[in-house]
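Participant: Residue numbers (my numbering), protein chains in the order written: chain S, 1 to 65; chain U, 66 to 636.
These are computed hints drawn from the structure, not numbers from a lab. Do not take every clue at face value.
Stated by the list, open to error - Computed list of lysine to aspartate or glutamate pairs in EDC-like fashion (alpha-carbon distance at most 20 Å, straight line):
no., chain 1, residue 1, chain 2, residue 2
1, U, 139, U, 560
2, U, 109, S, 3
3, U, 587, U, 185
4, U, 546, U, 487
5, U, 546, U, 560
6, U, 95, S, 29
7, U, 171, U, 454
8, U, 109, U, 454
9, U, 99, S, 3
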Amino acid sequence: EIDIRLPIGFMFTLLGLLLFIFGLTTSLEINVNLWSGLIMIVFGGLMLLFGLLAKRSKSKKHEIN
Amino acid sequence: MDTSFTLGWVDYTIMVVYFAFVLGIGYALKRYMKSSADFLTGGKSIPAWITGLAFISTNLGALEVMGMAASGAKYGMITTHFYWIGAIPAMIFLGLFMMPFYYGSKARSVPEYLKLRFDEKTRGFNAVSFAIMTIFASGISMYALAMLMETLLGWNFTISIFISALIVLVYTYLGGLKSAIYNEVLQFFLIVIGFLPLVFLGLISIGGWEGLTSQLTELATSQGYSPGAYTETWSAVGHASDNPMGVEWFGLVMGLGFVLSFGYWCTNFLVVQRAMAAGSMSAARKTPLIGALPKMFIPFLVIVPGMIAIALTSDPNSGFALPIKGNSYDYDKVIPMMLGYYFPTGVLGLGLTALMASFMSGMAGNVTAFNTVWTYDIYQSYISPDRSDKHYLRVGQMATVFGILVSIGAAYMARLFNNVMDFLQLIFAFINAPLFATFLLGMFWRRTTGNGAFFGLLSGTAAAAIHHGLTQPAGATSLIKGGWLGTVVQTYPSEMAQNFWTGIFAFFTCFLLTVIISLLTKQTKTKEDLTGLVYSLTPRIKDESKHWYQRPQFLAIIVGIIAIVLSIIFW
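Using the sequences and the accompanying hints, generate a full structural model.
Facilitator: Shown next as structure tokens:
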């Protein structure tokens with residue numbers, strides 16, 4: 001079955017990139033879009049990483065069995 | 066201040082990407098829906114961290130995000146009682162003591178547990194009232210979302226209704242409960258990330274936590290409350306007149322902390338269903354405990370923005386003011402107003418999408434709970450038993466469509482007859498108030514009989530209605546607020562205090578009458594019938610976790626300690 005971490009990670013990375021680029025090219029003088037985008041990219045990346053690691057260890061176990 | 070927004074292309078892109086992922090998850094799960102159990106119970110195969118986050122997310126619907134932010138502005142930090150004493154003890158109790166019966170009994174729903182433990186009439190009463198209640202709750206979510214979109218973005222009410230209904234319908238129809246749960250996890254993270262910048266910017270602009278507390282202390286004393294009424298949780302509940310919520314400690318602890326919170330978190334199938342979908346007994350027990358961890362910190366995401374909004378409104382130089390509604394502020398506008406005040410195009414789209422996600426998770430949660438109860442507890446039990454599993458899978462899918470259509474009807478009903486919805490919610494509150502007494506006696510006293518449970522439940526509901534009919538909150542102007550029996554024997558300082566005491570009366574009436582009727586009637590269930598359903602007749606379960614720190618008991622201790630520490634910090 002699908003590992004929910006992968007679509008979550010992919011969506012947040014995609015939206016983060018969109019916000020980051022939008023903030024870069026276009027509230028206490030904080031570039032909210034840029035920083036929010038960056039946080040989302042990091043979060044999405046971590047989710048993707050955990051999802052891929054889990055997938056890898058599952059397929060290794062499957063091979064051993 | 067203007068309460069409408071103009072969105073840019075980037076905001077709409079964020080919404081479209083979110084909708085695409087939500088629908089994609091439903092589509093990806095479609096091929097795994099081979100049996101009614103896959104569709105209606107998630108195949109009982111979901112890991113604890115997912116069911117734990119879904120457990121919280123399904124409750125993080127429209128009422129929670131918009132309503133609790135409004136309460137934060139209206140009552141201040143005292144609103145966190147709904148998250149701490151009003152949730153955590155009940156979630157710990159559910160995880161440690163009740164999940165073994167729900168999960169171990171192999172019941173597919175909470176009403177089915179009532180049938181196994183008591184009898185058919187108790188199950189029927191719970192199943193029918195719950196099914197009607199969830200559909201109306203889904204309709205209210207839909208109505209609130211459409212109203213919000215109409216106010217903020219000028220979207221047509223009908224178009225908003227049909228877009229939200231169609232998206233929820235597609236992903237719940239394709240992937241069943243599992244799709245709803247997976248999307249609730251996605252929605253949970255979106256809500257957290259969408260609202261975090263709001264809290265961050267709001268707090269910095271007001272001078273941090275110290276700046277916020279000094280402004281709210283001034284506001285509290287100017288209104289005649291104790292200085293910590295808006296910024297502390299326990300110091301101002303010694304007397305009802307000391308705090309803006311108008312509640313005192315006994316009503317708060319017994320009414321909210323015991324009767325209402327245990328009644329909701331331990332018996333409401335909407336949230337218990339998430340734990341019942343877990344892959345093992347251990348995962349099912351950990352579900353509410355994992356959910357309790359983020360639950361304790363959600364006040365900082367939804368209540369603090371409300372507190373910031375009222376602090377900014379009370380400062381004439383801030384440039385921010387909540388709109389006026391009648392002779393008070395329109396507190397329901399807190400979140401949208403704050404989003405518009407702090408967020409530029411881009412993050413504004415993210416915040417609005419998070420808001421839509423909260424409405425949709427509430428809708429989907431109600432619809433998936435409805436289709437399970439309808440299929441297993443009503444259709445299979447009373448209308449068409451002994452059919453093939455394929456038939457029940459089809460009925461479950463059709464119930465999803467039917468549930469969404471009735472929700473749309475309920476949304477229009479809410480728009481046309483607002484008082485009717487208030488009345489229905491009042492009736493549901495009467496039905497829910499005594500429910501925990503029935504479960505408590507059923508699980509922990511083997512002598513409780515089916516007749517005792519059924520008539521105890523009815524008498525508890527009647528007690529709630531009679532108490533409401535004989536009492537009123539101060540300043541009540543309509544009978545929907547109480548006093549409809551003609552004589553008012555008690556006037557409570559606030560509606561909240563009246564609700565807490567209605568719950569207390571209902572619980573104790575149900576408890577006492579269930580015990581008395583059970584002692585006067587014959588127990589028809591044998592010892593064998595009750596094994597796995599009653600504490601004294603169920604072998605102690607040995608947790609399969611490898612390490613002591615993975616066990617539910619350890620998690621419960623951690624959750625309890627954090628809740629106590631938070632309560633002390635914000636005493």
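Participant: Quick one: which hint numbers does this structure break? Sort them smallest to largest.
Facilitator: 6
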